[in-house]
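Given these sequences and hints, build the entire structure.
Chains as they are written, first to last, in the numbering used here: chain A, 948 to 1287; chain B, 122 to 379.
Each hint should be verified, as a subset may be incorrect.
Stated by the list, open to error - Only pairs whose alpha carbons sit at most 30 Å apart, straight line, appear in this in silico DSBU-like list of lysine-lysine:
(1) 227/B <-> 173/B
(2) 185/B <-> 173/B
(3) 173/B <-> 127/B
(4) 185/B <-> 227/B
(5) 1194/A <-> 185/B
(6) 127/B <-> 185/B
(7) 1194/A <-> 227/B
(8) 127/B <-> 1194/A
Claimed, not checked - Partial pick of chain B residues on the chain A-facing surface, computed with a CB cut under 7 Å:
(9) 169
(10) 208
(11) 209
(12) 210
(13) 211
(14) 223
Simulated from the structure, these hints should not be mistaken for lab results.
Note that the Cβ used here is the ideal one computed from N, Cα and C, for glycine as well.
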Amino acid sequence: MHPVHHAARRRTTMIVGSLLLAATACVLFSGVTGSVTVALGELPDAVAQVLHGRQDSLAASLLALRAGRALTAFVTGGALALAGVMMQALLRNPLADPYVLGISAGASVGALFALLMMCATAVVDGAALAGAVAVSMLLYLLARRDIRGGVAAEGGTSTLLLTGVILMSACMALVTLMLSIAPEGSLRNMVFWMIGDLAGTPLRVLPWIVLAGALAFALRSARAMNVLALHADTARTLGIEVGRLRKGLFFVSGVLTASAVTNGGSIGFVGLIVPHACRFAFGPDHRVLIPSAVLAGGSFLVLCDTLARTVIAPTQLPVGAITALIGAPIFLYQLHQLRK
Amino acid sequence: MIATHKLTLQVEGRTLVRDLDWAIQPGECWSIIGRNGAGKSTLLRTVAGLRKLEAGAVELDGRKLDDWPLEELARRRAYLAQSRTDAFAYSAIDTVLSARHPYHAKRYWEGSDDHQAALQALAAMEVGHLAARDVRTLSGGERQRVAIAALLAQDTPLLLLDEPANALDLAHQVSVTGLLARLCRRERKTVVMIGHDLNLAHSISTHALLLRGDGSWLAGPVAQVMQPALLGDYLGHPIEMIEHGGRRIFIPFEDHHD
Chain A
948 MHPVHHAARR
958 RTTMIVGSLL
968 LAATACVLFS
978 GVTGSVTVAL
988 GELPDAVAQV
998 LHGRQDSLAA
1008 SLLALRAGRA
1018 LTAFVTGGAL
1028 ALAGVMMQAL
1038 LRNPLADPYV
1048 LGISAGASVG
1058 ALFALLMMCA
1068 TAVVDGAALA
1078 GAVAVSMLLY
1088 LLARRDIRGG
1098 VAAEGGTSTL
1108 LLTGVILMSA
1118 CMALVTLMLS
1128 IAPEGSLRNM
1138 VFWMIGDLAG
1148 TPLRVLPWIV
1158 LAGALAFALR
1168 SARAMNVLAL
1178 HADTARTLGI
1188 EVGRLRKGLF
1198 FVSGVLTASA
1208 VTNGGSIGFV
1218 GLIVPHACRF
1228 AFGPDHRVLI
1238 PSAVLAGGSF
1248 LVLCDTLART
1258 VIAPTQLPVG
1268 AITALIGAPI
1278 FLYQLHQLRK
Chain B
122 MIATHKLTLQ
132 VEGRTLVRDL
142 DWAIQPGECW
152 SIIGRNGAGK
162 STLLRTVAGL
172 RKLEAGAVEL
182 DGRKLDDWPL
192 EELARRRAYL
202 AQSRTDAFAY
212 SAIDTVLSAR
222 HPYHAKRYWE
232 GSDDHQAALQ
242 ALAAMEVGHL
252 AARDVRTLSG
262 GERQRVAIAA
272 LLAQDTPLLL
282 LDEPANALDL
292 AHQVSVTGLL
302 ARLCRRERKT
312 VVMIGHDLNL
322 AHSISTHALL
332 LRGDGSWLAG
342 PVAQVMQPAL
352 LGDYLGHPIE
362 MIEHGGRRIF
372 IPFEDHHD
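What follows is the structure in structure tokens.
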């Protein structure tokens, strides 16, 4: 039968609890895996050392190094998955992802231009952020009627979607242009940035703040997002400020995408596949979907990144290639399950 | 309950309704009748607060629609859209529970009273057995009844319905519209609905509003307004009326001589 109210609450606690454990396990797994394996017996001592800010043993310093990278992967994956959930609710389309509106393509233009100019890493990150912000602003200006919504005659978001798709094509044309004129020296960096790569990304505080803020916004809007996903424009007759909610979803998912892309380049499929898989497993209710997508997205990217740096070590693969290789078949499988 | 003053509706330069003065009292059941494109849905959306006003005013309980906080308004009036698209795999009970949103304030989860209301509404629409089903797998008529169940669960004094009998089989057309009429009579609820079945409208409505689509309108009790000559004029096709077992039956006139 249908879940009654306290059962739904207990079920959510169970799901989020298990995913939290799984996420911790993923980060630790990533910490012990690599060219030099940390033995399981050494793990408790190493964890204790790292938590106390000491790295006396080899195990502890390996763990600190790898777990740092794993945490970066986690925050990036979590942000992408959450942005995906929001974008899908905003566009009422389960096939939307954070990149569909061209925000990441804008970031690519900025980052690749900086790479072409042989700029420092910090400048590349700044340029990526600037590109993402520029595309968001342009998108908002062009499609503001859709985003405000609420009292429009049709009330769909097709203008927003189409504008985004066209902006993305324009950005991708610029990207192709830059790649074709790039000198050999910077080409490899540029391609890796495009695919999405977490190697050499330092552990920063800002992405965590962005993710925490966005998560707080999403959880507070979770019920309203359900109503919007169910009723589209008539959500207004149920007391939802449709325009304000759409605006919030647009901006918060934009900031999340910009933050994730600045961190790790445009890593594909996480924002599409993780919300999908969570919806498939736990149902479409955003009150469960939002926390579970963040945790699952983070864990997924941690595992993919671990694979990326170990599968043909010492060569490191860009993690975006791994997410796409794993993501595409999973997505196709789910799609055909749904069609049955 | 709800009233319009000098309300004028324009769509793409065409005036559909001009200077509509319409007053609806509690316990009344109204049918809006008119041909396609006469502005029925536009009027209902306007009264629901989903559309900006071009000219005139709409008041609910003596207060302008724009002055109502949305959540408070959602506890006073419910609106059934003509059609809906389901993008996600929500269950039928989820869609009905979502109609309890205006009663939740800041709570994250629904309470047991919400579940009670949702289950009752589903049972009233004879779709209780579909509670756990994915709404995208329901038939058109089942989906329509789940949507009306959501409207009932919203538990408002004013119900605005755009073609509630859409996609329903004959038996359910009668039972659903009968239920709406009972809500008016027994619980003093106010119903405004759009429908194309004149006989159904005549048997359950207390009042009718005719729209011609050129700005003219006619509102009043069913006995006054639902006359064959008037209906024929407003619908653009001659209508005949026959009495059968104490009921008035309207049928479109057919010319068999050509």
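Practice task
Mind checking the CB of residue 208/B against every CB in chain A and telling me if the closest is under 7 Å?
Solution key: Since chain A brings a Cβ to about 4 Å from residue 208/B, closer than 7 Å, the hint holds.
Exercise for the section: For the hint on residue 210/B, just tell me whether its beta-carbon gets within less than 7 Å of chain A. Expected result: holds (5 Å)
Practice task
Return the status of the interface hint for residue 223/B: holds when the least beta-carbon distance to chain A is below 7 Å, violated otherwise.
Solution key: holds (4 Å)
Exercise for the section: Measure nothing beyond the straight line between the CA atoms of residue 1194/A and residue 227/B; if it is 30 Å or shorter, mark the hint as holding. Expected result: holds (20 Å)
Practice task
Answer holds if the nearest beta-carbon of chain A is closer than 7 Å to that of residue 169/B; otherwise answer violated.
Solution key: With Cβ-Cβ at 6 Å, under 7 Å, it holds.
Practice task
Measure nothing beyond the straight line between the CA atoms of residue 127/B and residue 1194/A; if it is 30 Å or shorter, mark the hint as holding.
Solution key: At roughly 34 Å apart (the allowed maximum being 30 Å), residue 1194/A and residue 127/B break the hint.
Problem - Pairwise hint evaluation, residue 185/B against residue 127/B, where the allowed Cα distance is 30 Å at most - result: holds (13 Å)
Practice task
Given the hint that residue 173/B pairs with residue 127/B, test it: the Cα-Cα distance must not exceed 30 Å.
Solution key: With a Cα-Cα distance of about 15 Å, the restraint between residue 173/B and residue 127/B holds, given a limit of 30 Å.
Exercise for the section: With a cut-off of 30 Å on the C-alpha distance, tell me whether residue 185/B and residue 227/B pass. Expected result: holds (26 Å)
Practice task
May I ask you to test the interface hint for residue 211/B with respect to chain A, counting a Cβ-Cβ separation under 7 Å as satisfied?
Solution key: Residue 211/B check passes; min Cβ-Cβ to chain A is 5 Å, inside 7 Å.
Handout entry: Satisfaction of the residue 209/B interface hint, Cβ to chain A closer than 7 Å
Key = holds (4 Å)
Practice task
Take the C-alpha atoms of residue 1194/A and residue 185/B, compute the straight-line distance between them, and say whether it is at most 30 Å.
Solution key: holds (26 Å)
Hint 8 from the list above is the single one not met by this structure.
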